[in-house]
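S.K.: The chain contents come next:
Protein chains: 2
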Amino acid sequence: MRSNDTEFATLRWVGDVDGYLDLLDQTLLPTEAKYVACRDTATLFEAIRSLRVRGAPAIGVAAAYGVCLGVQGAVDLNEADFFARLDETCRYLATSRPTAVNLFWALDRMRQSAELQRGLVPHELLQSMLLDEARRIHEEDAAMCRAIGAHGAALLNDGDGVLTHCNAGALATSEYGTALALLYAAQEQGKHLRVFVDETRPLLQGARLTAWELQRRGFDVTLICDNMAAQVMREGRVQAVVVGADRIAANGDTANKIGTYGVAVLAAAHDVPFYVAAPSSTFDLTLVDGCGIPIEERDPREVTHGFGRQTAPVGVKVYNPAFDVTPARLIRGIVCERGVISPVTGENIRRRIS
Amino acid sequence: MRSNDTEFATLRWVGDVDGYLDLLDQTLLPTEAKYVACRDTATLFEAIRSLRVRGAPAIGVAAAYGVCLGVQGAVDLNEADFFARLDETCRYLATSRPTAVNLFWALDRMRQSAELQRGLVPHELLQSMLLDEARRIHEEDAAMCRAIGAHGAALLNDGDGVLTHCNAGALATSEYGTALALLYAAQEQGKHLRVFVDETRPLLQGARLTAWELQRRGFDVTLICDNMAAQVMREGRVQAVVVGADRIAANGDTANKIGTYGVAVLAAAHDVPFYVAAPSSTFDLTLVDGCGIPIEERDPREVTHGFGRQTAPVGVKVYNPAFDVTPARLIRGIVCERGVISPVTGENIRRRIS
Numbered sequence: 038m039r040s041n042d043t044e045f046a047t048l049r050w051v052g053d054v055d056g057y058l059d060l061l062d063q064t065l066l067p068t069e070a071k072y073v074a075c076r077d078t079a080t081l082f083e084a085i086r087s088l089r090v091r092g093a094p095a096i097g098v099a100a101a102y103g104v105c106l107g108v109q110g111a112v113d114l115n116e117a118d119f120f121a122r123l124d125e126t127c128r129y130l131a132t133s134r135p136t137a138v139n140l141f142w143a144l145d146r147m148r149q150s151a152e153l154q155r156g157l158v159p160h161e162l163l164q165s166m167l168l169d170e171a172r173r174i175h176e177e178d179a180a181m182c183r184a185i186g187a188h189g190a191a192l193l194n195d196g197d198g199v200l201t202h203c204n205a206g207a208l209a210t211s212e213y214g215t216a217l218a219l220l221y222a223a224q225e226q227g228k229h230l231r232v233f234v235d236e237t238r239p240l241l242q243g244a245r246l247t248a249w250e251l252q253r254r255g256f257d258v259t260l261i262c263d264n265m266a267a268q269v270m271r272e273g274r275v276q277a278v279v280v281g282a283d284r285i286a287a288n289g290d291t292a293n294k295i296g297t298y299g300v301a302v303l304a305a306a307h308d309v310p311f312y313v314a315a316p317s318s319t320f321d322l323t324l325v326d327g328c329g330i331p332i333e334e335r336d337p338r339e340v341t342h343g344f345g346r347q348t349a350p351v352g353v354k355v356y357n358p359a360f361d362v363t364p365a366r367l368i369r370g371i372v373c374e375r376g377v378i379s380p381v382t383g384e385n386i387r388r389r390i391s
Numbered sequence: 038m039r040s041n042d043t044e045f046a047t048l049r050w051v052g053d054v055d056g057y058l059d060l061l062d063q064t065l066l067p068t069e070a071k072y073v074a075c076r077d078t079a080t081l082f083e084a085i086r087s088l089r090v091r092g093a094p095a096i097g098v099a100a101a102y103g104v105c106l107g108v109q110g111a112v113d114l115n116e117a118d119f120f121a122r123l124d125e126t127c128r129y130l131a132t133s134r135p136t137a138v139n140l141f142w143a144l145d146r147m148r149q150s151a152e153l154q155r156g157l158v159p160h161e162l163l164q165s166m167l168l169d170e171a172r173r174i175h176e177e178d179a180a181m182c183r184a185i186g187a188h189g190a191a192l193l194n195d196g197d198g199v200l201t202h203c204n205a206g207a208l209a210t211s212e213y214g215t216a217l218a219l220l221y222a223a224q225e226q227g228k229h230l231r232v233f234v235d236e237t238r239p240l241l242q243g244a245r246l247t248a249w250e251l252q253r254r255g256f257d258v259t260l261i262c263d264n265m266a267a268q269v270m271r272e273g274r275v276q277a278v279v280v281g282a283d284r285i286a287a288n289g290d291t292a293n294k295i296g297t298y299g300v301a302v303l304a305a306a307h308d309v310p311f312y313v314a315a316p317s318s319t320f321d322l323t324l325v326d327g328c329g330i331p332i333e334e335r336d337p338r339e340v341t342h343g344f345g346r347q348t349a350p351v352g353v354k355v356y357n358p359a360f361d362v363t364p365a366r367l368i369r370g371i372v373c374e375r376g377v378i379s380p381v382t383g384e385n386i387r388r389r390i391s
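In order, the protein sequences belong to chains A and B. Letter 100 of the first sequence, counting from 1, is numbered 137 in the working numbering, and no numbers are missing. Letter 306 of the second sequence, counting from 1, is numbered 343 in the working numbering, and no numbers are missing.
Here chain A stands alone, though its shape is the one from the complex:
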């Protein structure tokens, strides 16, 4: 591997206000690392919808830059029309992934940052102010990941075997990741880790994305099928499990990619500490516990036609929950950008988050 191959950007804005957004096309990984240049909102919309960019933080950053694409050329309009174009862009991009909270959050923040200046500055200036705001969202995401890594790296020891599930890495954020931030930070401290990556059926984010980014950054990576995690733990090859999170309830119950809960049960049975890493924005303190988190079911074809060919009989029933909920009692610690919450109790969470 050439050393300049080790660095990659999940997304990058190229140029100034008249620039464009370059996205690493994750649908081509792990066999090709190609960028798709988004020069208009329609291209970006398609890229988000078809998962060329995925992972809540990365989608939020991409959408923020998408607003900049939407107002390109709009400075020639009058102020009312400029804001109409801005609204239209936000409404359009919001429909690209209808359940992505970070997407709505980033679009709202972009719109509000412009609204706050409405009438105070010439609207011609808003275009560059919006690009500044998008860049801030991007930088804040990167800083959040770095802080998670800095807090969590101490949980991993030199020589440890670490198991991870799905992709909560650089590819899911603007860079560095959440769960994988711990690994990157530990590596920067000179610790050598052996990383076991669950392939993560049905969509194989572990095999396609996590294995790719860790290999790219020089880690000792071993890919396993999800059903091999128990055996790997039994053989004493794993000293810690680190995963990301989609949503965390007030008591610490954590929703994450399907299969996470099973890994947590196996880790407990083998006395392996199980850590969750996620930004504080992942906490939803309105939820008392994990029971309030609905389990989304996805297309059966992800299971029956996952590998480019049909692997199950026609008409077979499929249960395909997109995620599961790991109870707080199975989680040794939750790492967020504000520090490590451990033990995972409602009180410790309230103290750190609210």
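No lab work stands behind these hints: they were computed from the structure. Careful, some of the hints might be misleading.
Pairs involving identical chains hold if they fit within one copy or between any two copies, as the list cannot separate such chains.
Unchecked claim - Using 27 Å as the maximum straight-line C-alpha spacing, the simulated DSSO-like pairs for lysine-lysine come out as follows:
| no. | residue 1 | residue 2 |
| --- | --- | --- |
| 1 | K71 | K228 |
| 2 | K354 | K228 |
| 3 | K71 | K354 |
Position chain B against the provided structure of chain A, taking the given hints into account.
M.R.: Quick look at chain B alone, frame taken from chain A:
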């Protein structure tokens, strides 16, 4: 589904001594149910090697019929040449799957049955005696499966959800299966079961074979990815787990398809009884416990190139153990053709098996 679609034979001898062996080509499942006619040993050899027929008992029965194919036409030879042909056939077929114990056992039994009659009956008669012996091996396998089903059906209650892993069904035996025999027998008793089938990475025997045969026989089947088993148990959908076995040690430790051990840990964590079903020939009383069972590692490409497309980065390390060992303490009962061994202790095993 047409009702005559529900019955299928894994293998069947067609005709008399000059007949042939029809094998359901399992490499085409679940999308096509086609038979391959083996009219010579070379065709059968290729069918065993390329997994058109698989499952230890089914391979044993197929090999026994293969001996009959090998001696077709050999009655015109003198006795010495007839036996030379017989030996050559057995040696040839034994190399089709070098680690399949039932294969060697069936070939030995066929050869010995002929040797016992050497000089006592005209060798011209041996051809039909060999076909009789192959049919006996076939019938004994079917009877063994029926007995396992009869003993084990009582462990399953009407309305139960049952989870199974890999394929220990009709397709792995001459008919009826071992683990799935419990389900077929319970169904014949009028019990309605909801069956959850782990797809069983990397080779997807659950998705391709178990889901197919259970669907064909009218079961309420739900296919899941291996990493969904924990969630399905947590939701209370599973009242029993039933799996097969490759080898069982004197203390009850059980080697079976990779992923079985993880399912057993999850079952224990959810208070779901975990059963193993296997013929008594699966016990290896020379092994004190499961530590003596070597873990075979298989080709990384099964994980990285599973189904016609590359799903992991080039050069990534893979750990691909073919099976794992479930400790006896996690097994509620072992069902064999002689009855149910429960609790699973060395003493109970010795009493039933030796």
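S.K.: It remains to establish, for every hint, whether it holds in the given structure.
M.R.: Each hint tested on the structure:
no.: 1; hint: K71 with K228; in the structure: neither (31 Å within a copy, 55 Å between copies)
no.: 2; hint: K354 with K228; in the structure: between (46 Å within a copy, 20 Å between copies)
no.: 3; hint: K71 with K354; in the structure: between (37 Å within a copy, 23 Å between copies)
The structure fails hint 1 only (numbered hints given earlier).
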